[in-house]
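S.K.: So you can see what is in the structure, the chains are spelled out below.
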Amino acid sequence: MITAVQKPFNEIHGMVRECRNLLVLGCGTCVTVCMAGGEKEVGILASTLRLANREQKISMKITEDTIERQCDREFFDAVRDKVEAADAVLSMACGVGVQFASEVFEGKRVFPALNTKFYGTNESVGIWSERCAGCGTCVLDKFGGVCPIARCSKSLLNGPCGGSQNGKCEVDQERIDCGWQLIYDRMKSLGLLHLLEANEPLKDWSTGRDGGPGKIVREDMVL
Amino acid sequence: MAKKIIAFACENSALKAVEALSDPAVLGAVELVRLPCSGKVEIGMVLKCLEEGYPGVLILACPIDNCKFTRGNRRARSRVESARQILRAAGLPEERVHIDFLSSVDSHKVAEIVRSMQQRLSVGAAGPAGIEIGKGAKA
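The listed protein sequences correspond, in order, to chains A and B.
Take the position in the first sequence, starting the count at 1, then add 42; the result is the number in the numbering used here.
Take the position in the second sequence, starting the count at 1, then add 232; the result is the number in the numbering used here.
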């Protein structure tokens, strides 16, 4: 899923403090699962804004809603009236949802309440960690299902580097596991260490961010 | 009418301690809400209470390591800390939310907990303007 965390409250309040009628809009998919922008978080942020506004004597009507997804057009129909009535929307979706809400509601300002982080997994309760960098050319078959792009700080395809110590990465020896140690351990457990002896050729990065904004067209689905 | 401090009490311990109390001043100073476990406390619910004009939110949980549901009181404690962080970030006094831990025989501690909270709220300029805190409680 796409993971995100809420922006600092002062940053959010600074963005919306001139609004007189604000809709706080949550997203019921990825950011609900990572507990950053679902119905519950919408309620918390809306309450906090109301309390801060009362304290600072700011007059602002705040309404709340959460739709199934902010990255699909049809789900916005349910809140069209509320969006029309508001000066602006404070979106608690990922960056995709914020941008798509702006596209759907032309002429309406849409502010981001979250900082979008990465494609990750729910490692354990309350902990999410990155697993995929969306590079556009998956190489997981060669590395035992551990991604060197997402899990090595340098995205090395022929690792490890000299910064790997005791299974940890030099970028942060407390927090970050060495991706190449994970790959080595995994390949060893699979009895496939010999596959790591082959040099991985240069990667074509144009299938990811380096190729510009991505687009997928399924000719069999296009109307 | 001015609202009282709202107290969410776990029915397995703290609620029994409060209910065994005979001091009408203390009982009259709080609006008591029964919870099956303090782990039911949600940050949104705490903030909503403040939004609706309660001067303070008091959570009364079981002593740590004595939760019937193993870790409900620990969850409540971390949620209270998160709620206090949110209040700080929003420029509001964090004293408006407080958690304490009581067993069912700790009735004698209830009065002090309530009075301390009343004091923190009045000293910390916490309550919304015009709300009298702790009217009727002993000084």
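Please keep in mind that the hints were generated in silico from the structure rather than gathered at the bench.
Hints are not guaranteed to be accurate.
[As the list claims (entries may be wrong)] Anything over 10 Å on all C-beta distances counts as not near chain B; from chain A, calculated:
id, residue
1, R92
2, L93
3, H236
[As the list claims (entries may be wrong)] Calculated cross-link-like contacts (lysine to any residue; reagent style SDA-like; alpha-carbon spacing at most 25 Å):
id, chain 1, residue 1, chain 2, residue 2
4, B, K300, A, V167
5, B, K272, A, V138
6, A, K82, B, K280
Built from N, CA and C at the ideal position, the CB exists for glycine as well.
S.K.: Against this structure, judge whether each hint is valid.
M.R.: Consistency of the hints with the structure:
For R92/A, the non-interface assignment is contradicted: its Cβ lies about 5 Å from the closest Cβ of chain B, within the 10 Å cut-off. Not every C-beta of chain B lies more than 10 Å from that of L93/A, the closest at about 6 Å, which undercuts listing it as non-interface. Once the 10 Å rule is applied to beta carbons, H236/A is consistent with being away from chain B; the minimum gap is 47 Å. Only pairs whose Cα atoms come within 25 Å are accepted, and K300/B paired with V167/A is accepted, the gap being roughly 21 Å.
For the suggested pair K272/B and V138/A, the alpha carbons sit about 33 Å apart, so the restraint of at most 25 Å is broken. Taken as a hint, the K82/A and K280/B pair is honoured in the structure, with Cα atoms around 12 Å apart against an allowance of 25 Å.
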